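Line by line, the protein sequences give chains Z and V. The first sequence begins at 1 in the numbering used here and counts up by one. The second sequence begins at 1 in the numbering used here and counts up by one.
Keep in mind that the hints were calculated from the coordinates and are not lab data. There could be a bad hint or two in this list.
Said to hold, decoys possible - No farther apart than 30 Å at their CA atoms in a straight line, the calculated lysine-lysine pairs in the DSS-like style are these:
1. V:416 / Z:2
2. V:7 / V:22
3. Z:2 / V:338
4. V:136 / V:152
5. V:13 / V:62
6. V:62 / V:12
What the hints assert, rightly or not - Reference excerpt, derived from the structure (chain V facing chain Z, CB under 8 Å, subset only):
7. 95
8. 106
9. 256
10. 261
11. 263
12. 307
13. 310
14. 313
15. 414
Here the structure is a predicted model, which is why all the values come from computation and not from measurement. Virtual Cβ for every residue (Gly too), placed ideally from N, Cα, C.
Residue strings, one per chain:
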Amino acid sequence: MKLLKCPVNGVRAIQEFSFGGAVREMPEGSGCSDEQWADYVFNRAGEPGVQREWWYHMASGTWFIAERETVSDQVIRTYLWNGDDAS
Amino acid sequence: MPFGLIKFGLSKKYSEPRMFRKVEQPRDAYDVVIIGGGGHGLAAAYYLANECGITNVAVIEKGYLGGGGTGRNTAIVRSNYLTEDGARFYQKSVELFQDLSRTLDFNMFYSQRGHFTMAHSPASLRTQRWRAEVNKHLGIDSEVVGRDFIKKMVPEIDLDCGGHQPPIHGALFHPPGAIARHDAVAWAYARGADRKGVDIFQQTAVTDIEIEGGVNMSGNVGGRVVGVHTDKGFIKAGKVLSAVAGWTPQIQRMVGLRTPLTIHPLQAMVTEPLKPWLNTIVVSASLHTYVSQSSRGELVTGGSLDPYELTSTRSTLEFAEGLSGHLMDLFPFLGDIKVMRQWAGLCDMTPDFSPIMGVTPIKGFYIDAGWGTWGFKATPVSGYAMAHTIANDADHELIKAFNLSRFGKFRLVGEKGAASVGH
Ligand SMILES: Cc1cc2nc3c(=O)[nH]c(=O)nc-3n(C[C@H](O)[C@H](O)[C@H](O)COP(=O)(O)OP(=O)(O)OC[C@H]3O[C@@H](n4cnc5c(N)ncnc54)[C@H](O)[C@@H]3O)c2cc1C
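Whole structure, please, built from the sequences with the hints as guidance.
Quick look at the structure:
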């Protein structure tokens, strides 16, 4: 992967982006146990495959989601948190 | 020599003595099955057989011995870590390394060089001071040194980085810092284990792990290990060690464990051989660069982790370019030197830059992982500690702080300041 498509700014060089880790569901803070919270804070899937993950376009301050295959490094699609592909 | 080589090439028989037996088919059952024939798995097999009296052991390796991180790392051995748990653990490894050629009767090319971690800012110098104090408290040879000392030891360095980077203010100096021949470490442990009767299988993958009892009613992982499925059939074993570093997420899925591991590539490269000029190991955390000179004269150099998750050993031009630029900030005369080879290995990263070792909620299933970019130096101590952990079914004293359960208790062992660029 050398290029990544920001949903707002279009295709840019990978150097303009910063990786934000897998998209994960945060448990409800008040209702969850310490174990559930620790699991959310620390544990990750880690296995190769298609991952939904956060990326940040540094120049414009845009956070968005990419679906990427973590063995071939191919990006399947990118979109904003609400599913929009604005570009 | 060329004639001998031709004769060797044409002969049907392999004239050199084999390092270890080639066992075709695994037995039906072993006392211990070790997944992964990297340095860690082989060292654990060696200490199980030689120190714990457990010789009915199989090592299962899906590729070839040392083909993972063990054969891809830049072979830096040191113990100047930041936490007491970490420094004590790695110090034991350095001590084992210093005697290893003799212990295993195999030349490891263990070469004590002295290890510099350059600080390009007062803040960085403060971290180095902190490390030095923790180290000295534990009897580890480690000291903060000034520019004059660095210049005396590494006369070729440009302390001001040509004005392109912040100048070097001082450094952490660790005289026992060393490099070793990584392949030899894997082979020598394999030979030592084999001689005691350990069976080693290459080109054999573990495809699943059989658990009895499994997940209990409240959804907690538990049960006990009964054996492993391989592409050569089922092997019964009451004790199984996973020592697969960058492949741990695939193994942990087989037993239902969750861990914080994520996989990133780490790249490195070597230059063409030069006459010996660099005696020490030089690390610059701010420039994401480190370099040493191998006994063949090549400069072995690398940097920090690739910036995003990837289970692939591809290497990139960006890395080679960026690293070369920073290397020239430190040693401008290297501009004409050619890069010969570039490669990458998989690193199983933990959030606190410490390993995950010891017993797990599954009886008979032991884990040795989270070796990230720092696991080569730990090969002897982790093999030693895991062997005793397996033999006694309880975490060895040296690794108690590294148990997987530390994350559930929010008891991390933070080594980022000592392990993120210097490997
Ligand atoms: C470029 C680079 C530089 C590094 N530099 C340093 C350094 O200077 N100092 C340092 O201390 N550390 C360094 N490291 C880290 C170090 O290389 C690793 O932490 C260490 O080698 C891990 O050893 P291991 O035996 O645990 O795993 P590995 O050597 O990776 O062995 C794991 C083995 O398990 C096998 N396997 C996986 N899945 C299966 C399966 N299902 N069935 C059977 N077998 C399986 C794999 O084929 C592999 O051979 C570096 C790493 C890299 C990539």
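Verification of the hints:
1. V:416 / Z:2: Given pair residue 416 (chain V), residue 2 (chain Z) holds - Cα atoms ~28 Å apart, limit 30 Å.
2. V:7 / V:22: The hint holds at about 24 Å.
3. Z:2 / V:338: Roughly 24 Å separates the two Cα atoms, so the pair holds.
4. V:136 / V:152: Distance ~23 Å between residue 136 (chain V) and residue 152 (chain V) Cα, so the pair holds.
5. V:13 / V:62: holds (26 Å)
6. V:62 / V:12: Holds, at about 27 Å.
7. 95: The hint is violated - residue 95 (chain V) has no Cβ within 8 Å of chain Z, the shortest such distance being about 32 Å.
8. 106: The hint is violated - residue 106 (chain V) has no Cβ within 8 Å of chain Z, the shortest such distance being about 34 Å.
9. 256: Residue 256 (chain V) check fails; min Cβ-Cβ to chain Z is 12 Å, beyond 8 Å.
10. 261: At about 5 Å, which falls below the 8 Å cut-off, the nearest Cβ of chain Z leaves the hint on residue 261 (chain V) intact, so it holds.
11. 263: holds (6 Å)
12. 307: holds (6 Å)
13. 310: With a closest approach of 6 Å, the residue 310 (chain V) hint holds.
14. 313: violated (10 Å)
15. 414: Violated, about 13 Å.
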